[in-house]
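Student: The whole structure should be built from the sequences, with the hints applied where relevant.
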Amino acid sequence: MKHGRPSRRQLLQIGAAVGGSLLAGRKTSALETNPRKLGEPLGPYSERSPFEKAVRWRRESKTPETGSSFTPLHDSVGTATPSALHYERHHSGIPTIDPARHRLIIHGMVDRPLSLSMTDIRRLPSVTRLLVLECGGNSAGEWAASGADVQRSYGLVSGSEWTGVALSLLLAEAGAQPRASWVIAEGADACRMMRSIPLATALESSMLAYGQNGEAMRPSQGYPLRLINPGWEGNTNVKWLHSLKLTDQPYMARDETSKYSDLMPDGKARIFTYAMEAKSVITFPSGGQTLPAHGLYELTGLAWSGRGRIDRVEVTTNGGRTWVQAALQEPRLPIALTRFRLAWRFDGQDALIASRAIDETGYVQPTRAALIAARGTNSIYHYNGIKFWSVRSDGTVTNVES
Amino acid sequence: MWKVSAILLLMAVTLSAQPPGYQVGRPPTPEEVRDLGSAIAPDGTGLPEGSGTVAAGRELFAAQCARCHGPNGEGDVGARLIGGQGTLATPRPIKTVGSFWPYATTLWDYINRAMPFDRPGLLQPLEVYAAVAYVLNLNGIIEADQVMDATSLPKVKMPNRDGFVADPRPDVPRERRPR
Numbered sequence: 001m002k003h004g005r006p007s008r009r010q011l012l013q014i015g016a017a018v019g020g021s022l023l024a025g026r027k028t029s030a031l032e033t034n035p036r037k038l039g040e041p042l043g044p045y046s047e048r049s050p051f052e053k054a055v056r057w058r059r060e061s062k063t064p065e066t067g068s069s070f071t072p073l074h075d076s077v078g079t080a081t082p083s084a085l086h087y088e089r090h091h092s093g094i095p096t097i098d099p100a101r102h103r104l105i106i107h108g109m110v111d112r113p114l115s116l117s118m119t120d121i122r123r124l125p126s127v128t129r130l131l132v133l134e135c136g137g138n139s140a141g142e143w144a145a146s147g148a149d150v151q152r153s154y155g156l157v158s159g160s161e162w163t164g165v166a167l168s169l170l171l172a173e174a175g176a177q178p179r180a181s182w183v184i185a186e187g188a189d190a191c192r193m194m195r196s197i198p199l200a201t202a203l204e205s206s207m208l209a210y211g212q213n214g215e216a217m218r219p220s221q222g223y224p225l226r227l228i229n230p231g232w233e234g235n236t237n238v239k240w241l242h243s244l245k246l247t248d249q250p251y252m253a254r255d256e257t258s259k260y261s262d263l264m265p266d267g268k269a270r271i272f273t274y275a276m277e278a279k280s281v282i283t284f285p286s287g288g289q290t291l292p293a294h295g296l297y298e299l300t301g302l303a304w305s306g307r308g309r310i311d312r313v314e315v316t317t318n319g320g321r322t323w324v325q326a327a328l329q330e331p332r333l334p335i336a337l338t339r340f341r342l343a344w345r346f347d348g349q350d351a352l353i354a355s356r357a358i359d360e361t362g363y364v365q366p367t368r369a370a371l372i373a374a375r376g377t378n379s380i381y382h383y384n385g386i387k388f389w390s391v392r393s394d395g396t397v398t399n400v401e402s
Numbered sequence: 001m002w003k004v005s006a007i008l009l010l011m012a013v014t015l016s017a018q019p020p021g022y023q024v025g026r027p028p029t030p031e032e033v034r035d036l037g038s039a040i041a042p043d044g045t046g047l048p049e050g051s052g053t054v055a056a057g058r059e060l061f062a063a064q065c066a067r068c069h070g071p072n073g074e075g076d077v078g079a080r081l082i083g084g085q086g087t088l089a090t091p092r093p094i095k096t097v098g099s100f101w102p103y104a105t106t107l108w109d110y111i112n113r114a115m116p117f118d119r120p121g122l123l124q125p126l127e128v129y130a131a132v133a134y135v136l137n138l139n140g141i142i143e144a145d146q147v148m149d150a151t152s153l154p155k156v157k158m159p160n161r162d163g164f165v166a167d168p169r170p171d172v173p174r175e176r177r178p179r
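Residue numbers (my numbering), protein chains in the order written: chain A, 1 to 402; chain B, 1 to 179.
One or more of the hints may lead you astray.
To be verified - Simulated crosslink set (DSBU-like; lysine-lysine; CA at most 30 angstroms straight-line):
#: 1; chain 1: A; residue 1: Lys53; chain 2: A; residue 2: Lys37
#: 2; chain 1: B; residue 1: Lys155; chain 2: A; residue 2: Lys259
#: 3; chain 1: A; residue 1: Lys259; chain 2: B; residue 2: Lys157
#: 4; chain 1: B; residue 1: Lys157; chain 2: A; residue 2: Lys268
#: 5; chain 1: A; residue 1: Lys259; chain 2: A; residue 2: Lys62
#: 6; chain 1: B; residue 1: Lys155; chain 2: A; residue 2: Lys268
If you are wondering where the hints come from, they were derived from the structure by calculation, not from laboratory data.
Tutor: Following this line, the structure appears as structure tokens:
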């Protein structure tokens, strides 16, 4: 903070801490001691500053090994999520796996069934992609408009750089047979999470990742090996991957029938609803935050689409009467978190603010009302409605039950 | 043009005829296939030998499942496993094995891979068949004297077998955009 201009967030923190006294002058500087102390010595692996407090929020669960923890989107800057704050969703806890003992088998309808060590996999040519990953159940509370803040209502989404091997390369090694049309992926967690993936999509874009954000992925993200299906609901990105079986039919796993299927008002459920459609949310100002004063602010948030690039994001500050185009942070990568920004003056008037994303397919993020008109309120998964926050005259920001 | 296609064709032929490029790994052992790839298909592919009765399942359920799912599968720490038939199209749908699951093979597969929650992998195939038989009987899907095995289980017709449809998205009509 000594050098350069303080960020908006730092200003807010200072504003909250010292209120108006900042303007009263800085006679004795608490930031300087003379003579100055030496800093900490160099270390092997960095921790964040003790002053930084952003953490995931975990929803109460009767069994602590199942459940979700949510990325603190309101504290995020830029588009990358630190591995340590990546959202989590587990069904039977996080296994501890020694990579020297881990194996991936590729079997079923292949000419050359394979058992691969992590060393084998790391020997193959690698690919790296920046991608958004979103839980199919992210924002499920929004069907009832219950989300008080952006972390709890939108935080099952994160962005990472993933590195690994193209699945097509491994399937070429194993020799997929012409009759094969599905891949059954299984993980090594206690419940052996299993999903059916159409082979055509897997060949086109799936990868087996071992790296996340420049290092080995975290155990909670699937260490040592995870299936990554770009743009698809998080659950299909099977963690701790140890088996790929090629078949001529989907296996109707519990987590694609009982769960992760979308029940419609007519009693029919949509199955294999893989894609995450375009979505966006304002992260500042958002529910639970307070604007400390009138004046000019940078309104900002995140947009993403499982079907490609974000084409544009529009923002309203008057409850949807008019929309203006926000600036987008470059580069805009396909299926990746994209930050949008808009200068906005808060003059003490109540304001209803929201964003809507439009992706490169031309798809427009729908309103909550349109979504409910099409799907009712019992489908749990794939909520991507426009999120309104209410900024009150006193600067407080709350969820809108609209 | 013709030349390019001919070369491409030649490349494709050599690619498929030749052994793969990197030659990593080795064939999996039978144990690896058994331990890592135990998935069961809806047509019953992968179901092991053995069978289980409703009576055996009742005992097993009381010993291994009831503490989390309730004595009659009514739900507690673990999910509710019974009832809900006829509720899917109502404002308060109750999704259970009996009301919602399209395939009985999924029940075998899931109990085998994931239950009991705190000790998955504990059950022998005979016990899984028994647990499946009992849960199906609790839901009125099979009679008390029916035996579940690799032949009979895939034939069980679940009440919601035809309750699933393909993904129609994008499905939300685009609204008129106020400007």
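Student: Now, for every hint given, state plainly whether the structure supports it.
Tutor: Evaluation of the provided hints:
| no. | hint | verdict |
| --- | --- | --- |
| 1 | A:Lys53 <-> A:Lys37 | holds (25 angstroms) |
| 2 | B:Lys155 <-> A:Lys259 | holds (23 angstroms) |
| 3 | A:Lys259 <-> B:Lys157 | holds (20 angstroms) |
| 4 | B:Lys157 <-> A:Lys268 | holds (17 angstroms) |
| 5 | A:Lys259 <-> A:Lys62 | holds (18 angstroms) |
| 6 | B:Lys155 <-> A:Lys268 | holds (22 angstroms) |
Consistency with the previously given hints is maintained throughout, with no hint failing.
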